[in-house]
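**Student:** Listed here are the chains, written in short residue letters.
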Amino acid sequence: MRWVIELENVHALYGHTCVLDVERLKIAAAERVFVVGRSGSGKTTMERLIKGGLRPSTGRVTVLGCDPTSRIPSERRAVQRRIAMIDQEFFLVPRQSVVANVLTGCLGRVSPWKSLLGWYPAYEWAKAEAILREVELDGLGNRRVERLSGGQRQRAAIARALMQDAEIILADEPISNLDPELAEAALGLLVDCVKRRGVTLVVNLHQPSLALQFASRLIGLSEGKVVYDGAPEGFTVDEAKLVYRGNRKHSQACEEVRHDEPAKAVGEKTPRPNLRLLRD
Amino acid sequence: MWSIKWTEFDLGALVRSGPRFGEFFSRLVPPDWSVTGLVINATVETLMIAFAGTFFAVVISLPLGFLAASNVTPGWVSHPTRWFLGFLRSIPLIVVAILFVVAVGLGPFPGALAITFHSIGMLGKFYAEEFETAEQGIVNAISGTGATWLQTIRFGLFPQSIPQVVGFTVYRFEMNFRDATVLGLVGAGGIGYYIQLYVRGFQYEKVAILLLVIIAVVTLLDQLSFWVRKWVR
Chain A
1 MRWVIELENV
11 HALYGHTCVL
21 DVERLKIAAA
31 ERVFVVGRSG
41 SGKTTMERLI
51 KGGLRPSTGR
61 VTVLGCDPTS
71 RIPSERRAVQ
81 RRIAMIDQEF
91 FLVPRQSVVA
101 NVLTGCLGRV
111 SPWKSLLGWY
121 PAYEWAKAEA
131 ILREVELDGL
141 GNRRVERLSG
151 GQRQRAAIAR
161 ALMQDAEIIL
171 ADEPISNLDP
181 ELAEAALGLL
191 VDCVKRRGVT
201 LVVNLHQPSL
211 ALQFASRLIG
221 LSEGKVVYDG
231 APEGFTVDEA
241 KLVYRGNRKH
251 SQACEEVRHD
261 EPAKAVGEKT
271 PRPNLRLLRD
Chain B
1 MWSIKWTEFD
11 LGALVRSGPR
21 FGEFFSRLVP
31 PDWSVTGLVI
41 NATVETLMIA
51 FAGTFFAVVI
61 SLPLGFLAAS
71 NVTPGWVSHP
81 TRWFLGFLRS
91 IPLIVVAILF
101 VVAVGLGPFP
111 GALAITFHSI
121 GMLGKFYAEE
131 FETAEQGIVN
141 AISGTGATWL
151 QTIRFGLFPQ
161 SIPQVVGFTV
171 YRFEMNFRDA
181 TVLGLVGAGG
191 IGYYIQLYVR
201 GFQYEKVAIL
211 LLVIIAVVTL
221 LDQLSFWVRK
231 WVR
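These protein sequence lines are chains A and B, in that order.
Counting from 1, position 232 in the first sequence corresponds to residue 232 in the numbering used here; the numbering is continuous, with no gaps.
Counting from 1, position 197 in the second sequence corresponds to residue 197 in the numbering used here; the numbering is continuous, with no gaps.
Quick caveat, the hints were computed from the structure, so don't treat them as lab data.
These figures come from a predicted structure and were not determined experimentally.
Be aware that a few hints might be false.
[To be verified] Here are the simulated SDA-like cross-link-like pairs (lysine to any residue), alpha carbons at most 20 Å apart as the crow flies:
#1 LYS114/A / PRO159/B
#2 LYS230/B / SER97/A
#3 LYS114/A / TRP149/B
#4 LYS195/A / ALA130/A
#5 LYS230/B / ARG147/A
Construct the entire structure; sequences and hints are all you get.
**Tutor:** This is the structure we're talking about:
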């Protein structure tokens with residue numbers, strides 16, 4: 001098994017508050033890891049550590065065999081190029097076209113000087129167009145991002161991440177701005193694309209039912225500690241209670257999903273009752 | 001209150017001066033159209049001074065703006081750059097113009113240099129503030145693709161700031177034209193030379209033509225600035 005992400009004795013402190021305390025966590029290539037937990041449980045901090053946006057206070061984070069926070073810019077860029085990120089705010093340039101935004105995904109591998117003038121090789125254009133078709137945005141390439149709907153923006157953000165040809169895709173609450181139906185569709189699309197490419201996926205999610213549906217491995221965080229790490233099938237209501245201590249709604253949702261609808265193949269339509277539960 | 005006292009504010013004096021204003025405006029008509037050609041030539045020269053000055057100011061201010069933006073460069077770069085921009089702004093334009101006239105001689109060239117020098121301070125500060133208000137998440141997203149520092153600026157920061165940067169640059173050009181109209185008073189070329197010549201010679205009917213041309217050009221520039229801002233939005 002090839003480990004692509006390794007966290008060893010990692011502590012992340014904000015001031016004197018420890019927000020993440022992970023003794024040992026390894027993620028293998030092509031795993032689809034969904035991280036669940038309450039707000040402030042350390043999910044985003046963990047992704048920031050993996051992306052290299054944050055240096056651990058103690059311990060070691062190794063991504064693809066490298067240190068993502070290397071002090072040598074070229075080394076740091078080389079590893080960051082191999083990790084794509086989809087944020088809950090999408091962070092696309094609103095007044096630029098969809099295709100211009102997607103093309104920025106290849107900045108790490110094209111000639112810097114030519115790209116500064118907006119010149120990309122023809123094969124990168126072709127690739128961008130193919131990805132836009134894959135995420136069902138064909139025909140919208142020239143439209144400004146500010147004129148897209150929330151779901152379309154989400155797909156544009158996925159397209160940019162795919163354009164990066166990364167070996168790891170991190171997604172931090174990628175569907176928090178979408179309604180439940182769109183959220184499920186967007187997550188299904190992301191997981192489909194990732195499976196086709198054999199890419200490792202790490203997703204932070206608030207909706208445990210969706211995590212159970214799409215994950216190959218589930219990690220539950222509570223107060224900065226890993227309280228569950230295993231297959232989604234083993235995520236029982238007791239574990240859910242441990243992760244969502246005090247939040248009955250989420251524990252209940254996990255329980256309902258567990259009994260009504262076992263984890264199913266990606267792409268299958270989710271029955272309405274589960275979505276209703278989440279809306280409730 | 002203190003400023004009113006200090007400036008010897010006197011509304012009575014303003015009211016009493018009414019007849020003198022009336023006399024001044026009455027002497028503006030009929031305008032002396034014979035100087036129209038001369039005035040248009042001088043106006044074109046003034047426009048060229050403003051344009052060249054603004055152009056070179058933009059070329060120099062953009063990199064300075066990036067250097068002065070605290071979200072782009074570390075404090076030891078951004079703070080000294082800001083102080084430098086503040087220093088450039090603090091010297092009045094007319095003093096800069098006199099300095100350049102003394103250094104390079106009479107004509108439009110010192111005028112363009114003075115406009116450049118003064119505008120760098122203003123544009124650089126504005127650009128820096130504009131870059132600082134850009135959404136940092138977008139900048140981080142671009143940087144996270146493995147982009148270089150320059151690529152991050154070009155694709156993450158610049159596209160967000162373009163409408164404001166262009167809008168303010170056009171506005172600054174408009175201001176520079178108005179500023180350039182007085183540079184001729186110190187021999188730095190443009191329409192200012194004729195303003196001084198005709199006012200001192202009490203040739204108010206010729207001053208009327210100057211005023212009409214300036215008002216027309218400023219109105220046109222205002223419209224142009226509106227179109228450009230709308231285009232880049």
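**Student:** Now look at each hint and say whether the structure bears it out.
**Tutor:** For each hint, the structure was consulted:
1. LYS114/A / PRO159/B: holds (17 Å)
2. LYS230/B / SER97/A: Cα-Cα ~18 Å, so holds.
3. LYS114/A / TRP149/B: holds (14 Å)
4. LYS195/A / ALA130/A: holds (17 Å)
5. LYS230/B / ARG147/A: Holds - the C-alpha atoms of ARG147/A and LYS230/B are around 17 Å apart, at most 20 Å.
Checked against the numbered hints listed earlier, the structure breaks none of them; every hint is satisfied.
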